[in-house]
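Novice: Here is what each chain is made of, one letter per residue.
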Amino acid sequence: MPRLLATQSHVVHGYVGNKAATFPLQCKGWDVDCINSVQFSNHTGYGMDKVFGTATSAAELESVFTGLKEFEDYDAMLSGYLPNRESVACMAKNHADLKRRDPSLTWLLDPVMGDDEELYVDENVIPEYKSLVASSLVDVITPNQFELEILYGRKIKSVRELQDALKTLHQTVPVIVVTSCSSGLFGNSDHLYCVASMRGQPASIYKIPVIDSYFTGVGDLFSALLIDYIHHKCNDSNTMDCLDINGVLATVHQVLAVTLEHSPKCVKASMGSPLTMKQMELRIIESKKWFTGKTPNENFYHGQLDLV
Amino acid sequence: MTKKVLSIQSHVVHGYVGNKAATFPLQYRGWDVDALNTVQYSNHPGYGHFDGFRSRAQDLREIIEKGLLEGLQQKYDALLTGYLPDPEALREIGDVLATLCESDSEIKWILDPVLGDNGRLYVSPDAVPAYKEILLRGTVYLATPNQFEMETLTGVQITDLATLKLSITRFHELYPKVPNVLVTSVMSSTLDQDTMICACSELSKPDSARYFSVPKIDVHFSGSGDLCSALLLDIFLRQPSEALDLARAANEVLSLVDNILKRTLQLHLDTQQKALGQDRPRKINDLRLIESRDLLDGSGELKYTPMVL
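Here the protein sequences line up with chains A and B, keeping their order.
Heads up: the first sequence at position 22 corresponds to 22 in my numbering, and the numbers run straight through without jumps.
Throughout, my numbering is defined as the position within the second sequence, counted from one, plus 1000.
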């Protein structure tokens, strides 16, 4: 049974962070050890005055990592939202130690910093993620375009610049999945574009119809399913010969469809509106069959990035 | 509609006790689980060492009151409480949950009064009166004490079937507003050494007390009690309200837990034999819940015979 260490947020109600990642991975047979970087009543999209609970201090996180020393036979590591520089540094140090001791384990880092030109962590988190990405210890990163631009250090305004950014970051990171590219790059705002790139191979573009609402936790679900895919891909053939994330995207898309099915008609969640937010929480439990059964085969593959 | 439960228990990063033992089985059986963690430890104390921290009682209270109830207006079908690290948290949370149940009689609170085991208290002695107060308040739907906890709550030493029956009678007298009780893992030198006894009783049905003799697996499994109360929540609350049958639910839970413990033992022996060829273990630290998910899907097996107590 594969074992995973996941360091990210915990919400009592709803499905983001570890709550979004854990159940799907458990359904897929993973033994998931979750370190919770915060314990909040709900995610912050409900409005900051509607969030109660506490962030785990760096000292508390460190103590949990210390206690885990004897269980370090992990196959994979995952990290997502961490609230501040100290907690990112603590995760980075401990995950890096694990990776140095066992280079065969797969480390996926979701450099959660912001979206749509807006930073939602402290600015001093940026250098921590940059140095992690430069460390050559991380195997997979899953930035959105805004986060990719921060890591790259420049704005990306064309497909050419996107290719340059990937090339630069591939010097230290073998697999990069840009989870959402700005519609400007590919010129169609009815769709979401996702680019998956493996060092030394042409990057692939996936084109996914946009569902007009505000879902939270989609990125966390995505990175959990991605690490499962990559782990099995590496284990089944001993090497990673190609990166085809269509199954991951199709599964996420099914979860969104199930979520819409269960939400009242005409509800469109918007930031800061708690009751509509609540209706748009991912229906992770109701989507169980998509984690236990066959991978859906809806095709989102759009083409090679270098041929655009 | 997906059923919703608020489960308030400990969180361990590694292994399956508390909320880690309850959440996955409940989710796998279709529950939307709001999991509030009273502690975050690297692993459970049964390992002999662990690191981590407790949540503050005030923070927990605020998450429930201001976050879940006021902010989100959450409606729960059930509440599940297990190990709480200190009497202060127990009182704070006990009060919030009791008030919630008083405002909505549809909510079913399953309470595992975690005090200790095998004749030994492993929480502060102040937890005993705190649990008694909660049970007196009349908001708990089902309590699931083990033998030691039942003895502590009723003052009756359980040494045989007659004293077991007496403890249940005392329980109903002392806590006349708690409609259901299940007593787990009763063992005594005067009872059959190869089995343990579980007994249950519904207050509203005189003479409904039943017991089961469950063949013992002579291994201590950490988290089996937490798994048991979670599964009982699911199985008992799914029964149609006009045909509630606690004994049947208990039988189904005990049968399912027995299957999971046997799977856990088998997987443990498989890996041990590969490594060392060791003897049968005395204790197993981690339930193999993930590898038992096919069993969690199963429904309705009844392995034991209910006997009138």
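Accuracy of the hints is not assured; some may be wrong.
[Unchecked claim] Label pairs and their in silico Cβ distance ranges:
id, chain 1, residue 1, chain 2, residue 2, range
1, A, K289, B, S1103, 32 to 40 Å
2, A, A134, B, K1283, 56 to 64 Å
3, B, R1056, A, E123, 25 to 33 Å
4, B, G1046, A, G303, 49 to 57 Å
5, B, M1187, A, A134, 57 to 65 Å
6, B, K1177, A, D116, 48 to 56 Å
7, B, M1001, A, E72, 36 to 44 Å
8, A, D116, B, K1216, 55 to 63 Å
9, B, K1216, A, E123, 56 to 64 Å
10, A, S57, B, S1103, 31 to 39 Å
11, A, D102, B, K1216, 54 to 62 Å
[Claimed, not checked] Simulated coverage check for chain A against chain B, where a stretch passes if three residues somewhere in it have a Cβ under 8 Å from a Cβ of chain B:
id, segment
12, 26-34
13, 43-55
14, 62-69
15, 170-176
These are calculated hints, taken from the structure and not from any lab test.
C-beta: ideal position from N, C-alpha, C; glycine also.
Novice: Could you run down the list of hints and mark each one as holding or not?
Specialist: Taking the hints in turn, this is what the structure says about them:
1. Evaluation of the 32 to 40 Å hint for K289 of chain A and S1103 of chain B yields a pass: the beta carbon distance comes to about 36 Å.
2. For A134 of chain A paired with K1283 of chain B, a C-beta distance near 45 Å fails the hint of 56 to 64 Å.
3. Distance hint check: the CB atoms of R1056 of chain B and E123 of chain A are about 29 Å apart, consistent with the given range 25 to 33 Å.
4. Distance hint for G1046 of chain B and G303 of chain A: a CB-CB separation of about 55 Å, consistent with the stated range 49 to 57 Å.
5. For the hinted restraint 57 to 65 Å between M1187 of chain B and A134 of chain A, the CB-CB distance of approximately 59 Å keeps it satisfied.
6. The beta-carbon spacing between K1177 of chain B and D116 of chain A, approximately 53 Å, falls within the hinted interval of 48 to 56 Å.
7. Between M1001 of chain B and E72 of chain A the beta carbon distance is about 42 Å. The supplied range of 36 to 44 Å therefore holds.
8. Distance hint check: the CB atoms of D116 of chain A and K1216 of chain B are about 60 Å apart, consistent with the given range 55 to 63 Å.
9. Take K1216 of chain B and E123 of chain A: their Cβ atoms lie about 60 Å apart, and the range 56 to 64 Å holds.
10. The beta-carbon spacing between S57 of chain A and S1103 of chain B, approximately 35 Å, falls within the hinted interval of 31 to 39 Å.
11. In this structure, D102 of chain A and K1216 of chain B break the distance hint of 54 to 62 Å, their C-beta atoms being roughly 39 Å apart.
12. A stretch counts as covered by a chain when three or more of its residues have a beta carbon under 8 Å from one of that chain; for the segment 26-34 of chain A and chain B the count is 7, and the coverage holds.
13. Counting residues of the segment 43-55 of chain A whose beta-carbon sits less than 8 Å from any beta-carbon of chain B gives 6, enough to reach three: the coverage restraint holds.
14. With 6 residues bearing a CB less than 8 Å from a CB of chain B, the segment 62-69 of chain A meets the requirement of three and the coverage assertion stands.
15. Coverage of the segment 170-176 of chain A by chain B is violated [criterion: at least 3 residues with CB-CB distance below 8 Å; count 0].
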